[in-house]
Structure formats: C-alpha cells, structure tokens
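A.B. asks: What follows is the residue order along each chain.
2 protein chains.
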Amino acid sequence: MEGVDHLAHERNRSQFDVDAMKIVWAGSRHAFEVSDRMSRLVANDPAFRKDNRAQLPRKELFKNTLRKTAYAWKKIVELKLSEEEAARLRFFVDEPAYTDLHWGMFVPFVKGQGTEEQLQKWLPLAYKMKIIGCYAQTELGHGSNVQGLETTATFDPKTDEFVIHSPTLTSSKWWPGGLGKVSTHAVVFARLITNGQDYGVHGFIVQIRSLEDHSVLPGITIGDIGMKFGNGAYNTMDNGVMHFDHFRIPRNQLLMRFSQVTREGKYVQSDVPRQLVYGTMVYVRKTIVIDASNALSRAVCIATRYSAVRRQFGSQNGVETQVIDYKTQQSRLFPLLASAYAFRFVGEWLEWLYTDVTQRLGASDFSTLPEAHACTAGLKSVTTAATADAIEECRKLCGGHGYLCSSGLPELFAVYVPACTYEGDNVVLLLQVARFLVKTVSQLVSGKKPIGTTAYMGRLQHLMESSCKVQKAEDWLNPSIVLEAFEARSAKMSVECAKRLSKFTNQEEGFQELSPNLVEAAVAHCQLIIVSKFIEKLKGDIPGKGVKEQLQKLCSIYALYTLHKHMGDFLSTSTITPKQAFLADDQLRSLYSQVRPNAVALVDAFNYTDHYLGSILGRYDGNVYPNLYNEAWKEPLNDSALPDGYHEYIRPLLKQQLRNARL
Amino acid sequence: MEGVDHLAHERNRSQFDVDAMKIVWAGSRHAFEVSDRMSRLVANDPAFRKDNRAQLPRKELFKNTLRKTAYAWKKIVELKLSEEEAARLRFFVDEPAYTDLHWGMFVPFVKGQGTEEQLQKWLPLAYKMKIIGCYAQTELGHGSNVQGLETTATFDPKTDEFVIHSPTLTSSKWWPGGLGKVSTHAVVFARLITNGQDYGVHGFIVQIRSLEDHSVLPGITIGDIGMKFGNGAYNTMDNGVMHFDHFRIPRNQLLMRFSQVTREGKYVQSDVPRQLVYGTMVYVRKTIVIDASNALSRAVCIATRYSAVRRQFGSQNGVETQVIDYKTQQSRLFPLLASAYAFRFVGEWLEWLYTDVTQRLGASDFSTLPEAHACTAGLKSVTTAATADAIEECRKLCGGHGYLCSSGLPELFAVYVPACTYEGDNVVLLLQVARFLVKTVSQLVSGKKPIGTTAYMGRLQHLMESSCKVQKAEDWLNPSIVLEAFEARSAKMSVECAKRLSKFTNQEEGFQELSPNLVEAAVAHCQLIIVSKFIEKLKGDIPGKGVKEQLQKLCSIYALYTLHKHMGDFLSTSTITPKQAFLADDQLRSLYSQVRPNAVALVDAFNYTDHYLGSILGRYDGNVYPNLYNEAWKEPLNDSALPDGYHEYIRPLLKQQLRNARL
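Chains as they are written, first to last, in full-length UniProt numbering: chain A, 1 to 663; chain B, 1 to 663.
Hints listed in this document are in silico derivations from the structure and should not be mistaken for laboratory results. Please note: incorrect hints may appear among the correct ones.
[Unchecked claim] For lysine-lysine, the following BS3-like pairs were computed, each having C-alpha atoms within a straight-line distance of at most 30 angstroms:
1) A:579 - B:499
2) B:655 - A:50
3) A:655 - B:130
4) A:499 - B:553
5) A:59 - B:59
6) B:565 - A:469
7) B:565 - A:327
8) A:472 - B:565
9) B:503 - A:579
10) A:472 - B:499
11) A:327 - B:503
12) A:472 - B:503
13) B:579 - A:499
14) A:439 - B:579
15) B:565 - A:499
16) B:75 - A:655
17) A:63 - A:130
Nothing here was measured: the structure is a model prediction, and the numbers come from that model.
Whole structure, please, built from the sequences with the hints as guidance.
C.D. replies: Here you go:
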C-alpha cells in the first residue's frame, strides 16, 4: 500500500493554491519554513516516537519524557538551533515536560521581575540549563485568588534572610509543573512580611534541590500530585506539591525589580512602573490564543480527513456515502474548521497588539493597557473554551473510532482542557472583561472616547438605532453588514447590563447578581473582536490562487455560525429580525456546500506531519482501516492468547467452581 | 478528623426532608432499600476497592476487573441475590466488564430472537454463566448502518451448516465488549445467504472459544482493539476485533424466532410480527436514559459538594466566599442539578412507556410503536448529549483539582461519553425523530390524530396563534404557561421544517439539505417531553416536608434554563417576546438563590456512597484537602526521591555532559 493516497481525489478537486494557504496559516514564509523544517526533523527521528504513549504506565511514561527532553536539548545544542527553532522543535515534540515551565514561565518571569544584577546571575545558568526552574504560585487551597496565597516569606534581619514557610496544609504549593521530580529552582510566590507587616504576594527565587545529588533540600517536602486526566497527556509532566518548614533563602533572592527589602528590613518600592507586569500577562495569554488555534486545527484536521474516508449509509453505485457529504456532519465540522482559521488570525493580531503594548510600556504610555488586558483576557477565555468543546465534538464526529486512543483525539482533549482553567479561569476572566465593558459604557457619558477593540462603543447611538440591512441570504456575505450586527449585539448587551446595574444601590452586589448576564455580554464582545479581525485580515493582500476566496467563505461561516448559535442575543436585542435569522441559516448551508470540495485541502494547509497529528484516523494518506487493524495487535493484552487471570477468575466461573476459589 | 462533617452547616440549613427525597429519587421505597443495601455491601467490601484504578497499567487493570467480576458473581450466588439485587450490585461495583454485555445484550437478545427450543438450550447455560456471551454487531467499517454489514453467513446444504466469513478487512467485527479476551460465545450479525440470495442481516449464536482451554476456535482470529479514552474507564473492558475464515456453525444456531432456513436451504419468515424487535430497542434506550441521570447526578454531587467546600475571593470575617455562593457558579451548576432530576423522572416515565408498549405488543397492538420508538430514540440522544457535556462542565466547576484523577470526574467523563455514540449515534437518532415529526405534521391535514408525546400537535392551530401570557417574572413559575411555550416552540419548528421541505421536489434531497434544522426541531420536541414529564410528576402526590416545593423549583430551573439556552428558537418563532425572555432570566436568578441553601441536601438525596462516587472532591464529609494531600503520596512516582531516569537524562543535562550521553 506504500504510496497510495486515498484522499487524492479530495485533493484534486480543491479550488485553491494549498502551498500559498500554508504560508498564510503559518503567518509568513519564514515561519512556515522554520515550522516545516522542525516538524520534519522531529517526525523523521525515531527518538521522538509517541505512538505508544497511551499505553505506558506512569513511571515509564515519565522516564520516557525525560529521555526525549534531554535528547531534544542535545539536538538543539548540537544543531545550534536559534531560539525560534528550538521553540518550534519543542512544539513538534508534542509532549508536556518541565522544559515548558522552565522556558515558558521561569525564564520570562525572572526576566520581567529581576533587577539587572539578578538577571546577570540567574539567566546564564537558566539559558544553559545548569539550573531548571519552575513556577510555584498556586496552592492546594488557592488557585484563582492569587492575593489569598498563604505561604509566607518573613524577613529575618539577624541573618539577612527570608524564611519561607507553609503555615497550613492548604498553603502547600500544588500543581506547579516540573516541580514534582525535576526542577532545581522555583519562583515561589509568598506573602512578604517584614517588621511584622504583610506586604502581599511577591516572587522569590528558591533553590529546592541539590545541584549535586538532586535531593530535595532540608526543610522542603516535595512530591508529584498524581495521575491527571487521560492517557499520556499531562501525565508526562511532574506537577508537584511542595511544603516549606521555615526554609531560609538569601535576601537578594526576592525578585526586586519592582520592590526591595533593605538590609535593615525596610520595604521599598522601586520607581519602575508596576504596570509592566501586565505586559507579561498579555504575552502569556496571546500565546494561549495561538495554542488554541493549534489544538483546534489539529482536531479539525483529523475529523475532516476521516470524514472524507468514512462512508456510512446511502449508496451510489454500491458504495456508501462519504460522511463529509452529510449536511449534519458539515454543519458541525465546518464551523470548527472556520474557527481554527479565525482563532489563528486573531492570534496573529494579538502578536501585533503585544508588540504595540510593549513599545508603549517602554515609552511609559499606559493608556492602552486596560483595553489590551481586557481583550487578551477575553480572547483567552473564548478561544480556549471553544477549542476544548470543539476537540470533543471532533471526536464525536469520528464515530466510535474516535474513542480509541489511536485516533489521537482522547489525548488531545485531555492535554488541552486545562487551558480553560490555567492562567485565569475562563469565567473569572470574562467577568474582568465585563467590568471593563461596563466601565467603558459608563464613561461614554463623560465623553471619554473608547479605544482599540471598544472603539465601536463610540458609535453607540448609531448602533442602538440602526437596523440590520439584510434582505436576502447573500446580503449576509457583506462584511460590513455582518460587522455591524456583531457590534450592535455587543453594544446593546453591554448597555443593557449597565442599565440593570444602575438599579442596584450597591454596585458590587449588582455585579454579583447579574454576573451570568455580564459573562454573556463579555462573550459577545470577544466574538465581535474575532469576527472583526478576520474581516480586517481579508482587507489586506493575500496572494495565491483562490486563497482569499476560501478565507472569505470561512470568515462568513464563522460569523454566521456564531450568529446562529447565539441567535437569542441577536433577536432579544432586536439587532436582527427572525426573518433575517432564517436567511442567515440559508446562507450558512450554502457556504457549507461551497467549502465541501476544499475541506481536505484546507486542513492540509496546516502542514501537520503524521507524527505531529498522532492519529490513525487523520493520516495524510487516508489509509485508515488497515492501520487501525494492525495497531490493535500492539495492545499488550494481545501478547498472550489467554488473558492473565484466566485460570484464577474465568475458568472457575465457567466450570461452576467459584465456591472454592480464592478471589 | 474521624467523624468530622465539614458540610454539616449546609445540611442543617436545608428546607426539606432528605430521606423522603431519597425515596422519590430511587423511584420507590423498595427500589431505595435495594439500592441502599447493595451499595453498602459493595462499599464495605475491600475486594471492590477502585481508588487505584487510574494508576493501573492495562494488563493489571484488566486482570483486576476479572477478579472483581468473578468475586461479584460468587457473592451473587452465595447470597442468593435476586435478579434485581444482582443488577444493582453490578451497578455499584461500577466497573465496565464482560458481564455488562452478557447480561445486558447477549441474554436479552437471545431471549428476544430465539425460538422456544433455542431458549431452552441456551438460556440455562447463560444464566449459570457456563457460557459467556457477547454481542458482535459493528464492524471496522460499519457502525451506524447495520444494513451495510459485510460479514456473511452462507448456508451449505451439503453439511447443514452456515459458513461465517469475513470477506474484507473492513468486515472484521470491531468494538464488541467482552469479545477480546473473555467471551465463549457471541451473537454474530451477518448477511444470511442461501441459494445464492442475500436475505440481509441476521443474528447467529456462534461459539468462539473452547470451553475446555479457552483457546480461540480454529478459523477465527480474535484480539483486543487496544486502549480507549481515559484512565481506568472503559479500559477494564475487552472490546474486541474478530475475523472469520469460513467458520462453520450448525444451521440451528441462526436465531429463528422471526425467520428460518429449512434443511433444504429455503428461507422462511415466521408469522411472529417483526415489530417485536422494537420492544427491545425501547428497553435498551430507556435504560440509557436512566443511566444518564445516574452519571449526571454523580458529577453534580461531586461538583456541588466541592463548591460548598471550596472558597475563593471575597472575604467575610477573613474567610473567603464559598464558590457555590457565586451567581456564575450557580448559573452553571444548578441547571445541571435540575437536569439530573428531570432526566430521572423522564426515565421513570419511560419505564411506564416500556411496560405499556410490551403489553400492547403482546396484544398485537402496534399503533403506539412509531411514537414510542421516536420518543425513546430522541430522549436517548438529548439526555446522553447533555450528560456528557455536563460531566465536563462539573469538572471545570471544580477548578484545577477537577483535572486530577482523584476527583473522579475525568474517569466519569471518559467512561460516559460513548453513550453519545453507541446504540444509535445521537445525530442519526434525532434525524429519525425529525422524520417522525414531519410525518406527524403532514398527516394532520388528513385528520390523523397525533398520540402520546405528539398529542400537542393536535392543538396546532391554537399553538400557532396563541401568545405567551407572561407579564411579570413570577408568571414563569406557572407550569401551564411554561408547557405551552415549549409546545408552541416545538410545534412551530416542526411546521417550519415541513413547510421548507415541501418546497423541494425531491423530498429526500430536501431532508438532507435541511437536516441541521430538522435536528434542532427534534431537540425542541424532546426537551418538551422532558419538561412535560417533570410537570406531570409534580401533579401527583409527593410526600415529605418540602419535597414537592424543591422539585417545583428544580422543574422551573430546568425549563427556564433550557428556554434561555435556546432563546433563539423561542424568539425566532415569536413564541415569546424579548421582554418575556428577560423576565425568564430574572426568575431564573431568583430560583438559584432559593435552591442555594438546599443544594447539598439535594445531592445527598442521590444516596451515593463515597465508594460509588469515587471522588475526593465529592466526599460526603467535605474533608477534601487533607485527603487530596495524602492521596498524592500514593503516586508511584513518589516511591523514590530520585525519579527513574535521573542519572541518564537529568544529571548529564544539568552537568552539561549531554554531548557524550547515550539517549
């Protein structure tokens, strides 16, 4: 079967230049080239195989990850890979490991919060991995509410040290990745106490294991917190628990860019603006949005290819119908395909936003920060929630076989879902967005001009009064009509919330009471951003035969699907009429038919190797069934004809001899 | 900490008689008593422990299940348990095993499809478990479309045998539980061919393993299909693959109640009405609906208790706020609590429906069958889909800790989700419902009176014209107003579909094209059934202080939450006005506050033991954190301070000696 391509027919009928689309998806030719090279490097190296991951017991799984991580680092050093290349290589290795926290949290956080002197001491060690760092913030009893952390760091002027202590069981650090078994150092968050006064939560660099024999240092207790959701998945990571018993660190291991404690124990704020912290938050959350498009596109790629392979019911010339030809399948799958592209482009825009924010912060311009913060928080929430649901929907779209680990989808789901909780619980974040929106509305009266993604609020009067212009289904293809509908819906929902809030004498009480509605208003605002950035992207030059046309269809699908899903919002705010809602549905169905011949090519454009996809159902060549069949025989239970336990538990039962059996 | 109850305060403030509610939940005092006794029997026997299930590698996991299954059967025999008691015992053992298929599919199917002679031969063997049976229907390439199965059973008049054969790779039986390692017999579905003619798919009893040494019989190849979603979960089951190479069985192993093949090879239909088959389908699907309420209530119980234990943000007297006090938490959790009760009562009603259908079938009255079939198919779809989503939502409602296997929620999700696919893919089933609805609408013209759950269609004129009477929020507490709104929405959606369909010259083409809308109409109809059966339940006598009041609130929450979620339907059909939609939201928030003090007691009423729940977060005593902490140390990775792999993969990296390391 070597060289066969069961999806060749699908590829031949596509109506656009796939190679050009690959560049669009990657963001640039350079980004494409690096990704392509790194993904092949990983895929072609048997050291990075992962097809047995779901079968390994925890200890073997974890040891195997240690091996891959060391091997990857060896490759990175040997091949003298750039930082960008190294990051892509780790990405395609596709296995959560302590390095994610070392490079993704420890290094950036030290960079952001350390003084020049501290950077000079710690960064060279970290860059060479002479030390391995993790990020110890959350505690057993404290997740979302960082200000409620209980760990203390009490300054002892006698010895010029901080005493790190866990006063209660619930103050045990809990969850930090890389902590359980590997890291030598941690950024530990603790309440800074000096001269009897509590100055709130600060970050400290704490060595936790010996660099000689890796033993946990005296005064610290550390363990792994145990199995997490799914096979393989995040069980390759040593999420840990850590308890301090009056553990001492030198004073200068308080990260001191923003505040210091003097030799005498005096707490001093530096003149570096604290708003800079938000820069890091914007950075982390934009990364999460881009990750959402990665995970979503992967699931969609698997489901789309298998939907083209799989046949069920119907019959043309004795062959059953490809399930991708069913409208029910299309109406569930294609919106997710469109969402993958939509999230990709909003992520690309967030890259720009982050650069912009960073430049402004450098020039001490904090004016755009609240808006940038709200919009990254909201987009993090909306894209991760949609992606988690979408992966599971893709699994269901593959029928029964999606339930097999060899489909790749169960592990993808299990490894992805924490994104809804970490770096800000999705609902907590939406409430932050809602606060910002309500504030924006209330400031309109005073003439304050809303900026950035809230600029449309400046046209509130117009949005409240105007009516949707759609008269026939095709009118829904007009980007400005779509955009205005999303703007009007969002504006009206925010205004409605503000109006209801104003009836409460206690604003905070009102906010609590109306929080479910506020969350919905925040979602509406974020969906508007996604739609508007997709539309914006399409205003630019996009080369390649048929590429822009396909993206236009996907943009319309994303918008109209979202409109359909939240029809209640659009109708209850009288943004559109029931008739217009029906027309949107009609247009949507027509778009599905138009995208159908391009579906497989649109997922090919993600340029994923079979290694990265890790799915028999999603194989590039569509040769699913022989491979599913062969894969089954690798199951350890098939090592012997008789199952272990036959003689003790099956035979006595069949022979009616259980009475005397020892069970 | 022995005897401490961290949730005592919650229990003390509840406003109803929990013991009386337990009876309501169980369905009767008798059912409660049996469940209570069996669940304690299992919980108190260390042989049934399951707290290490997520950590076991497949082989050990499977062997352990064989042990538990044999032990359970030994108990059942020793204690002379009734059929009802045995089923409850297996239920509370809470571990998928070959016995599920033996008792749940093999025995009922043989009973339903066998002749008197066949029953006398096979049932005694099966009842004593002298043989173990499974149900081999689906194939590698054929799931939903049973008529497309490829396995053949060709009659050979020379030897008076059927020759069972798998002509292609895709015809391999794939998925049957209990097949991979354990079953000695299978009901095999194959195309019956005699005299060169294909009579379609029939069931055959096939012995597949030797009763002496358990070896797979010559001419058959069998294996386990490998790892499935999740830790523990369905990996305790030996779902299998089976390939036949001209395997011969005696002619009389065709299940012959409905049709036979004579000694000469003539195919003869019996005079037993084929409609009887639908009785079995109604039976299986009603069981699935009841299972949905089990799984959902379990997840809700965990999330509710932990939401009362967990505190985050806010501060009263220095203590953070219980997360269950947040409206966002309530607005996500309480509708699921209400859904658990709603699905329970509709399941109870399906029990009645099944009895009714069975009696009618006995009297050759097939008149209610299409309606009964449509409504069980639809309810299976709607309740399983909602439950799968709800379990994951409950996991998210537990914050980060819900991601730990020790929360019980990951395994519950993984073990539950197949219900959306097996026994009829949920979308395929909804399309069947939609066909029935459209047919019902089209027959109204000819004066045919709709029956059962479609009786409301008989008042179509009234429903199309009447307008919702709600003027203030409390009006939404009126059951008849709510019921009429759901009836009107459903009727209008079905009529709209019928109207659109009539514009197609090719009905089947129209049906395909409009299938996404048809699915939505079917969902609307099923939600109406759930609401109406809840309301009906409340019309009866329900003893116990405050019990009925609590159920009334839950009924209103289920209805108004569903209305909110599908607001687009209600508004686009002009069933309610935007103003009325807002009032429904207001009423919903008020109901959340009313249910809040009763939440913990309402999940206590499920009467689940800590063993059955299998969740540290959901412990009855609420003593979560010390137990989470202690549980972590059981993780095998914590057996040694240094992780396996330190010397090979961590030390060389830290010591900058990777260059020479063998990785």
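A.B. asks: Run every hint past the structure and note whether it holds.
C.D. replies: How the hints compare with the structure:
Restraint check for residue 579 (chain A) and residue 499 (chain B): satisfied, since their Cα atoms lie roughly 15 angstroms apart, inside the 30 angstroms limit. Pair hint residue 655 (chain B) plus residue 50 (chain A) holds up; C-alpha atoms about 27 angstroms apart against a cutoff of 30 angstroms. A C-alpha spacing of about 7 angstroms is found between residue 655 (chain A) and residue 130 (chain B), which places the hinted pair at or below 30 angstroms, so the restraint holds. Between the alpha carbons of residue 499 (chain A) and residue 553 (chain B) the distance comes to roughly 28 angstroms, so the proposed pair stays at or under 30 angstroms and holds.
A distance of roughly 15 angstroms separates the Cα atoms of residue 59 (chain A) and residue 59 (chain B); the hinted pair therefore holds under the 30 angstroms criterion. Proximity of residue 565 (chain B) to residue 469 (chain A) is assessed by CA-CA distance (about 27 angstroms); at most 30 angstroms being required, the pair is judged to hold. Distance hint between residue 565 (chain B) and residue 327 (chain A) is fulfilled; the C-alpha atoms sit about 23 angstroms from each other, no more than 30 angstroms. A threshold of 30 angstroms between alpha carbons decides the hint, and for residue 472 (chain A) with residue 565 (chain B) the separation of about 27 angstroms falls inside it, so the pair holds.
Simply put, residue 503 (chain B) and residue 579 (chain A) have alpha-carbon atoms about 17 angstroms apart, close enough for the 30 angstroms limit, and the pair holds. Restraint check: the Cα-Cα separation between residue 472 (chain A) and residue 499 (chain B) comes to about 19 angstroms, which is no more than 30 angstroms; the hinted pair holds. Between residue 327 (chain A) and residue 503 (chain B), the direct Cα distance comes to roughly 18 angstroms. Compliance with the 30 angstroms bound is thereby established for this hinted pair. With a C-alpha separation of about 17 angstroms, the suggested pairing of residue 472 (chain A) with residue 503 (chain B) holds against the 30 angstroms cut-off.
About 15 angstroms separates the Cα atoms of residue 579 (chain B) and residue 499 (chain A), which keeps this hinted pair within 30 angstroms; it holds. In summary, the hint linking residue 439 (chain A) to residue 579 (chain B) is supported, as the alpha carbons are separated by about 25 angstroms, within the 30 angstroms threshold. Taking the CA atoms of residue 565 (chain B) and residue 499 (chain A), the gap is near 23 angstroms; set against the 30 angstroms cutoff, the hint holds. Restraint check for residue 75 (chain B) and residue 655 (chain A): satisfied, since their Cα atoms lie roughly 16 angstroms apart, inside the 30 angstroms limit.
Under the criterion of a C-alpha separation no larger than 30 angstroms, the hint pairing residue 63 (chain A) with residue 130 (chain A) is consistent with the structure, at around 20 angstroms.
In the structure shown, no violation is registered for any of the earlier numbered hints.
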